[in-house]
Amino acid sequence: MWTNVKKIPINSTQTLAFSTLSLALAIAPSLPMFRFLIASSMTFHMLVQIPLLVIAGYFLSKQLSVNIVNQPLYFYLSCWLWVLLASMFWMLPISLDKALLDPNWDIFKILTLLISGFLLRSALAGPKILSLFFIGSTVMMLFFIGYFYQDSELRLCNSYLIESQKTAGLGLFIMALLLLIASILKLRKDISNKII
Amino acid sequence: MLPFLVTLFWGCLFLTITSGFSNLTLESERKTDLFSTNPELSMHLVDDRGQISTLAALAKQQNKVLVTEFIYTQCRTLCLALGEYFQQAQTQISTQGLDKKIHLLSISFDVAQDNPERLLGYRKRMHADENIWSLATMQSSNDLAAAKDKLGLIVLATQFKEFVHNSAFLVISNQGKLLGIYDDEDIQGALVMAKQHSEKL
Numbered sequence: 000m001w002t003n004v005k006k007i008p009i010n011s012t013q014t015l016a017f018s019t020l021s022l023a024l025a026i027a028p029s030l031p032m033f034r035f036l037i038a039s040s041m042t043f044h045m046l047v048q049i050p051l052l053v054i055a056g057y058f059l060s061k062q063l064s065v066n067i068v069n070q071p072l073y074f075y076l077s078c079w080l081w082v083l084l085a086s087m088f089w090m091l092p093i094s095l096d097k098a099l100l101d102p103n104w105d106i107f108k109i110l111t112l113l114i115s116g117f118l119l120r121s122a123l124a125g126p127k128i129l130s131l132f133f134i135g136s137t138v139m140m141l142f143f144i145g146y147f148y149q150d151s152e153l154r155l156c157n158s159y160l161i162e163s164q165k166t167a168g169l170g171l172f173i174m175a176l177l178l179l180i181a182s183i184l185k186l187r188k189d190i191s192n193k194i195i
Numbered sequence: 000m001l002p003f004l005v006t007l008f009w010g011c012l013f014l015t016i017t018s019g020f021s022n023l024t025l026e027s028e029r030k031t032d033l034f035s036t037n038p039e040l041s042m043h044l045v046d047d048r049g050q051i052s053t054l055a056a057l058a059k060q061q062n063k064v065l066v067t068e069f070i071y072t073q074c075r076t077l078c079l080a081l082g083e084y085f086q087q088a089q090t091q092i093s094t095q096g097l098d099k100k101i102h103l104l105s106i107s108f109d110v111a112q113d114n115p116e117r118l119l120g121y122r123k124r125m126h127a128d129e130n131i132w133s134l135a136t137m138q139s140s141n142d143l144a145a146a147k148d149k150l151g152l153i154v155l156a157t158q159f160k161e162f163v164h165n166s167a168f169l170v171i172s173n174q175g176k177l178l179g180i181y182d183d184e185d186i187q188g189a190l191v192m193a194k195q196h197s198e199k200l
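Chains as they are written, first to last, in numbering that gives the first Met the number 0: chain A, 0 to 195; chain B, 0 to 200.
Treat the hints with care, since some could be wrong.
What the hints assert, rightly or not - Here are the simulated lysine-lysine pairs, BS3-like style, with alpha carbons at most 27 Å apart: (1) K30(B) to K176(B); (2) K165(A) to K30(B); (3) K199(B) to K160(B); (4) K165(A) to K176(B); (5) K149(B) to K97(A); (6) K160(B) to K194(B); (7) K97(A) to K30(B); (8) K30(B) to K194(B); (9) K147(B) to K99(B); (10) K147(B) to K97(A); (11) K160(B) to K165(A).
Said to hold, decoys possible - Residues of chain B clear of chain A, computed beta-carbon distances all greater than 10 Å: (12) L4; (13) T6; (14) T17; (15) N22; (16) R29; (17) L97; (18) G120; (19) N173; (20) K176.
Derived from the structure by calculation, the hints contain no laboratory data.
Using N, Cα and C, we set each Cβ at its ideal position, and we do this for glycine too.
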């Protein structure tokens, strides 16, 4: 059934529009004018701004049409390592607090996560077995941290209320579930197409 | 080489932000920092008789080791627990005859609302013994800003004039210097430290 789905072609103008829009939306919450969005809600910070930055980076890579195929294995491995370690880093309570309190850390957050999205596109073009391993690790990490944030009776971020922390935990849990379902569907499609 | 460099880069960042994997939260970093710097505490306080002095001056005048907490008098959640811990500490201090050596101090951060009358009301509700347990409020919002900046106190205003705040017990020497800071569950740790230090008096 998956082979029947027609791919909608996206032209370069649309890619440009996508990348500019996602970049603007992702950076806006760090500007003083919209800062209240990430300052008041941990969910917005973790589940809206951070993913948006990764998405913006992804479209940026598409926009610049970087050569991502036929690279050596160590290249794909490095891309995946960056993506995994960066997402792990920006889920630590202390990193979220520091990004909120110190503009330098916030700029660093924007840069590293944009790079993450940028490299994610390359990483996904690499060997499937690498994708399987790293997406698997990310899903497990999201489940674990989501559970931890929901379950903890301690306020882990000084800048957020405990209710906000619990909602963010639930959000991470749902995100892990969605990612898991999406990767299983993709895996099924690839197997039936004999890509794997 | 490249995968190794990426791992090294992030490894260094993890080490930096968590100070060698010891502080995963900002709260624990704040406590570690305070333990190592021993700053003198010069914030201005107004006590329940309306007298103004600095925290350091208060410690010197009492010539006792202070155990301090931050509260606001209208609090119905966290501060009640903090108050109970202080009541237990008060009983302990008086039964062990430490009242000449250790003193308790609750400091209100609700600069706009709390005044000497409200502190008196709080004293009555808590059955705080004047010889063991003092109450004070910060004099101005500058003092609150200093406490936030220097002591890592965090106070977030919510609706209905209530606050969400972090909590800890601060142990302060008779010279007004910060000796240590303990979790809100560890009043015993704070008392042990105060006792050890008071033996040198």
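Hint by hint, here is what the structure shows:
no.: 1; hint: K30(B) to K176(B); in the structure: holds, 15 Å
no.: 2; hint: K165(A) to K30(B); in the structure: holds, 24 Å
no.: 3; hint: K199(B) to K160(B); in the structure: violated, 43 Å
no.: 4; hint: K165(A) to K176(B); in the structure: violated, 37 Å
no.: 5; hint: K149(B) to K97(A); in the structure: holds, 16 Å
no.: 6; hint: K160(B) to K194(B); in the structure: violated, 37 Å
no.: 7; hint: K97(A) to K30(B); in the structure: holds, 16 Å
no.: 8; hint: K30(B) to K194(B); in the structure: holds, 20 Å
no.: 9; hint: K147(B) to K99(B); in the structure: violated, 30 Å
no.: 10; hint: K147(B) to K97(A); in the structure: holds, 15 Å
no.: 11; hint: K160(B) to K165(A); in the structure: holds, 23 Å
no.: 12; hint: L4; in the structure: violated, 8 Å
no.: 13; hint: T6; in the structure: violated, 6 Å
no.: 14; hint: T17; in the structure: violated, 6 Å
no.: 15; hint: N22; in the structure: violated, 6 Å
no.: 16; hint: R29; in the structure: violated, 8 Å
no.: 17; hint: L97; in the structure: holds, 31 Å
no.: 18; hint: G120; in the structure: holds, 28 Å
no.: 19; hint: N173; in the structure: holds, 30 Å
no.: 20; hint: K176; in the structure: holds, 24 Å
Comparing the model with each earlier hint shows violations of hints 3, 4, 6, 9, 12, 13, 14, 15, 16; every other hint is respected.
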